[in-house]
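Participant: Take a look at the letters that make up each chain.
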Amino acid sequence: MTADTADPDAAVGVAPAADAGFLQRYGATIEYILIPGAALVGALAVFGIFVALFGKNPLDLYFYMYQGAFGTWFSWQNTLTRAAPLILTALCTALPAQLGMVIIGGEGALLIGALSATSVALAMPWAPPLVVQAAMVCAGVIGGGLWITLSGALRQYRGVNETISSLLLVYIGLAVLNHLVEGLMRDPASLNKPSTREIGAANMIGSIPGTDVHWGLVFGLVAALASYILIYHTVFGFAARVAGGNIRAAKIVGLGVSKLILTICFLAGGAAGLAGMIEVAAVQGRTNANLAAGYGFTGILVAFLARHNPLAIIPVAILLGGISASGGLLQRRLGLPDASVLVLQGIIFVFVLASDALYGRIGFLKGKS
Amino acid sequence: MDFGKISRRHLLQGSAALTLGSALGIRSAAAADTTIGFIYVGSRDDYGYNQAHAQGAAALKKMPGLKVVEEEKVPETDAVEKTIESMINLDGASLLFPTSFGYYNPHVIKMAKKFSKLRFEHCGGLWSDKDPTNAGSYFGYIDEAQYISGIVAGYSTKSGKLGFVAAKPIPQVLRNINAFTLGARLANPKATTQVIFTGDWSMPVKEAEATNSLIDQGVDVLTCHVDGPKTMVENAARRGAMVCGYHVNQSPLAPKAYLTGAEWNWEALYPKFVKMIAAGETIPNFYRGGLKEEIVKCSPYGEAVSAEARKHADEVKAKFLSAEGYTIFKGPIMDNKGKAVITAGTDRGQKDPELEKMDYLVEGVIGATS
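Protein chains in written order, with the numbering used here: chain A, 170 to 538; chain B, 14 to 383.
Check each hint, because a few of them may be wrong.
[Stated by the list, open to error] Distance condition first, Cα-Cα at most 25 Å in a straight line; then the derived DSS-like pairs of lysine-lysine: (1) A:Lys225 to B:Lys80; (2) B:Lys203 to B:Lys330; (3) B:Lys86 to A:Lys362.
Hint data in this document are derived by calculation from the structure and do not stem from the laboratory.
Take the sequences, apply the hints, and build the full model.
Facilitator: Okay, structure coming up:
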C-alpha cells in the first residue's frame with residue numbers, strides 16, 4: 170500500500186521539472202500510475218473516515234493493514250498466497266476485455282477446471298506424479314477454457330450477452346460440481362463433507378522452496394507475462410485490440426473476428442481453469458464445495474482495477490491479496506467485522522471506476538505542443 | 014493531490030507506530046498467559062452455528078489470564094491455514110479453535126503437523142488414529158436435543174404436519190431429522206415431518222422459500238438444520254407458525270412462536286477444555302457427548318408449550334441425564350420406503366458407529382435423501 174501511495178508523489182515531483190517532450194512521451198504512462206494510485210489513496214482516506222465513525226483510530230487501521238499485509242516475512246507470504254489465484258482469475262476478465270467483452274464468469278471456469286483436473290488425476294492412479302500433474306494442467310486449462318468459450322460462442326453466433334451468460338454459467342458450473350461430488354464422484358468415506366477421492370500426496374505440487382507460497386504464484390506470474398506479450402507484442406494481440414476498438418473496422422480489414430473471440434475466450438477460461446487446478450493440486454487435494462471460495466469474483470475486481478492490463482494485474486492482485494491478508498488482523502486487533510474488508514474493496518472499486526473520467530484531463534500532463 | 018500529502022504524513026506516523034507497536038506487541042503478548050484463537054466460517058452474530066461458538070469464546074474471555082482473538086468469515090481454503098499461522102505468529106496464540114467442519118482435512122491436519130507443540134481443537138468429530146496427536150476434534154450428539162424438540166413439536170402441532178428445513182442429505186443432518194420425527198411420533202403417532210433440502214449451509218433465499226412452501230402445505234411447527242436458522246425462525250413466526258430452534262436460542266427473534274430448541278453448549282465445554290489443559294490433563298482427541306455430558310442443551314420452553322408437553326419432554330430429558338441413559342434409535346425402526354433399517358431387538362446407542370453412516374429417513378418423514 171505504502172509503495173503505491175509513494176509513487177504518485179514521486180511522479181508529481183518529477184513532472185513540472187521535465188520538459189514537454191518528456192511529458193508527451195511518458196504522460197500516458199504517468200497517468201496510468203498516477204490516477205489509480207490517487208484513487209487508491211482516496212479510497213483509503215474514505216475508508217479511514219468510515220472506520221473513524223466506528224470510533225477506531227484510522228492510524229491504527231493503516232498500521233495494522235501494513236503489518237498484516239506486508240509488515241513481516243510471514244505477512245508477505247500470506248499476501249502472495251492469496252494473490253496467486255487472483256492473478257489467474259483476473260486474466261479471465263482482462264483478456265476478453267481486449268475485445269471489448271465483459272466476462273465475469275471466472276468462478277465457473279475455476280470450478281470446471283478443478284473438476285476436470287481432479288477427474289484426470291483420479292483416472293490415472295498408475296502414472297508418475299509429473300505425468301499426472303502435466304495432465305492436470307492440461308485438463309484444467311481445457312475444462313475452464315471450453316467453459317468460457319461457450320460464453321464467447323453464444324455471443325458470437327447467437328447474440329447472447331456474454332456478461333450475463335458467463336455469470337449464469339457460474340451457477341451451472343457449481344451445480345455440476347455439487348452434483349458430481351455428491352453423486353458419481355463422491356468418496357464414500359466423505360460422510361458429512363461430500364468430496365471426491367484425494368488425488369494423493371505424491372501428486373500435489375507443493376510450495377516454492379524456502380517459502381509457504383505454493384507454485385500457483387509462479388503459474389500466475391508466467392501466465393500474466395505471457396498474456397502481456399500476447400496482447401501487446403504479437404500480431405494476434407494487435408488484431409484483438411483492433412477488434413476491441415472497432416469490430417466493424419476489424420471485419421472490413423479482414424480480421425477473423427469469430428476466431429479471435431473464441432481463442433481469447435478459451436485462453437481466458439484456461440487461466441481460470443488453471444487456478445482451479447492449482448487449488449486442487451496445491452491446496453485442497455480433492456474437489457468439493459470448498460473450491461467455490463469467490464476467487465473468480467475477486468478476479469473481476471482485480472482486472473478492472475488493473476484496467477485490463479495483464480502486467481498491472483500482478484501488483485493489483487498482490488494489493489488485494491494484502492487487503493484480504495490484513496483483514497484478519499483488522500478483525501482481531503480493531504474488532505472490525507469481516508465485512509469491513511468488503512467495504513474497502515467496494516470503495517476502491519468505485520474510486521477507480523470514477524477516476525476513469527480523469528484520463529487525458531490532467532492539465533500539466535498533456536504537455537504543450 | 015491532497016490525498017497524497019495526507020498519505021505521506023500517515024506513512025511517517027505509520028512507521029513511527031511500527032517501531033512503537035512492535036515493542037508494545039511483544040510486551041502485551043507476554044502479559045497474557047495464554048492466547049486462544051477462534052476461527053469462524055460465517056459471521057459470529059448469525060443466530061446459528063457460528064454464534065454458538067462465539068458464545069463459547071465469550072465464556073473464555075471472562076476467565077482470568079486468557080486472551081481470546083477471533084476471526085470470522087474465513088473460508089475453508091488455505092485462507093484458514095494463513096489465519097491460523099497469523100494468529101500464532103502475530104498474536105502468539107497457543108490454543109486454536111478452528112470451528113468449521115471443512116477446516117479439518119487438509120488444513121487443520123497440516124497446521125497441527127507444522128506447529129506440533131501447539132494445541133488444535135476442531136469441531137466436527139473427525140479425528141482418527143492417523144492424525145497428529147496435538148489435534149483434537151470434538152462434537153456433540155445434538156440429535157438428543159432434537160428428539161426433545163420433536164416431543165414438544167408433536168404436542169404443539171394442530172395439523173399433525175411438521176416441517177424441517179435442511180441443508181444437505183448427509184448423515185449428521187439425516188440423524189437430526191430422524192430424531193426430531195421419532196420424538197414427535199412419541200407424542201403424536203400420526204405426526205409427519207416434511208423435509209426440504211436447500212443444498213447448502215447458508216442459502217437464506219431458499220430457506221425462506223422452503224419455510225413458506227412448508228407453511229402453505231399446512232405445516233404449523235418448523236425446525237431446521239442450516240448454519241443460520243434466523244431466516245426460517247423469523248419467516249415462520251411472521252406466518253403464524255411455531256418453531257423449534259437450532260444451534261443457539263433464537264427466542265429473541267420470535268418470543269411468541271418459539272417452543273424450544275436444540276442448542277450447542279460450547280460455553281460449558283470450552284472453559285472445561287481450558288481447565289483441563291491448565292491442570293495438565295490431556296483432552297481426548299476424539300471427544301463427544303450429548304445432554305448428559307453438557308455438550309448440547311435444550312432451550313427453555315416458550316409460553317406456547319403445554320403442561321402436558323413439558324411433562325413428557327422433561328421425563329425423557331431426565332432419562333437422557335440418568336446413569337443408564339436413553340436410546341433414540343431403538344429397533345424396530347422402518348425407513349419411509351417401508352424397509353426395516355434397525356431390526357427389532359437392536360439398540361443403536363448414541364456412540365454406535367452405524368449411526369454415523371445414516372443414509373435413510375425414518376417412517377413419518379416425507380422427503381427423499383437423493
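Participant: State for each hint whether it applies.
Facilitator: Here is what the structure says about each hint:
1. A:Lys225 to B:Lys80: Roughly 20 Å separates the two Cα atoms, so the pair holds.
2. B:Lys203 to B:Lys330: holds (22 Å)
3. B:Lys86 to A:Lys362: Roughly 19 Å separates the two Cα atoms, so the pair holds.
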